[in-house]
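Enquirer: Residue numbers (the numbering used here), protein chains in the order written: chain A, -11 to 220; chain B, 6 to 92.
It is worth saying that the hints were derived from the structure and are not from the lab. Predicted, not measured: the structure shown is a model, and the values here were computed from it. There could be a bad hint or two in this list.
[As the list claims (entries may be wrong)] Straight-line Cα separation of at most 30 Å, BS3-like style, residue types lysine-lysine; simulated pairs:
1) Lys3/A x Lys126/A
2) Lys91/B x Lys3/A
3) Lys91/B x Lys216/A
[As the list claims (entries may be wrong)] A few chain A residues that don't get close to chain B, going by computed Cβ distances all over 10 Å:
4) Ile112
5) Leu157
6) Val204
A virtual CB, placed ideally from N, CA and C, is assigned to each residue, including glycine.
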Amino acid sequence: MVLADADFMIHGVFKYTLFGQELYITTTHVAMFIVTILILIVMICAHHKMKHAEQIPGTFQNIIEMYVQTIDNMVATIMGRNARRFVNYICTVFMFILFCNLSGLLGLRPPTADYGVTLPLGLITFALVQGCGIAKNKGKHFTNLAKPVPLLLPINVIGEIAVPLSLSLRLFGNIMSGTVMMGLIYGLLPIFFKLGIPSVLHIYFDIFSGAIQTYVFCMLTMVYINDKIADE
Amino acid sequence: MLIESKALVLACSAIGAGLAMIAGLGPGIGQGIAAGHAAAAVGRNPGAKSDITSTMLLGQAVAETTGLYGFAVAIILLFANPLIGKL
């Protein structure tokens, strides 16, 4: 292989055995651990700051208030009356995915470029959507699958199952393509150019693409949930 | 000269990965159309710019999915080839 030092795959860091299976602590775990610690630190600082909130907000307080307000508005425009029930979940998911996508800037391999991270995120959304549907429509939630004609039942079932798959594959594919492209370019450039040129690509692949995909994931989650719980 | 069967599978997988990425054509056209219409809509009604932008981004992200399926196939063919195991 020409690009011998092109490196963008998941590596095992630490090997251990559990119930006779060989398992690995991979770079994904490490990156996710660091991201979680980062989010914790930021949130503890934010909590401390908001306890002693000032009348005239400083920089940090401004950022926190802006973040909360933006998410509040976003959820309110899509969900309307039901916004208060879901704003906490959306806020959490938004924060987690955003920090995961931006972790490429710290030189980590983004955890969301691992299908094992995005599929659970999609499955949580799936469980939430189905749970909301059952809570709202009771037994009608299942009979609605055979509407308008019973012939469409298999297509409707496939349509429901495709939700977590397409959600997780979209997030995974976007971040993974960015990671692959960055890895190839880092392998391609001679060491002297590695300092300046990739920064432009980091802005596009990590910041722009990462933020857009975070927004899209939360947006679609809300749209799917709203489909089930909206009053006809 | 004889070609090893594994080498043949690897070569065909590389070609297949390249062909799979032709799937990128469709989303490109679709996203372009969406962006063009969004630009026209902003021109007609500049007040609704933020609404139009968020709707456009959502639509583009959904249109992108088919391209990403092609990308997933290409990645699987290159790095987690299932065909080698069948030899």
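Enquirer: So, against the hints stated earlier in the document, which numbers end up violated here?
Expert: Those not satisfied are hints 1, 3, 5 and 6.
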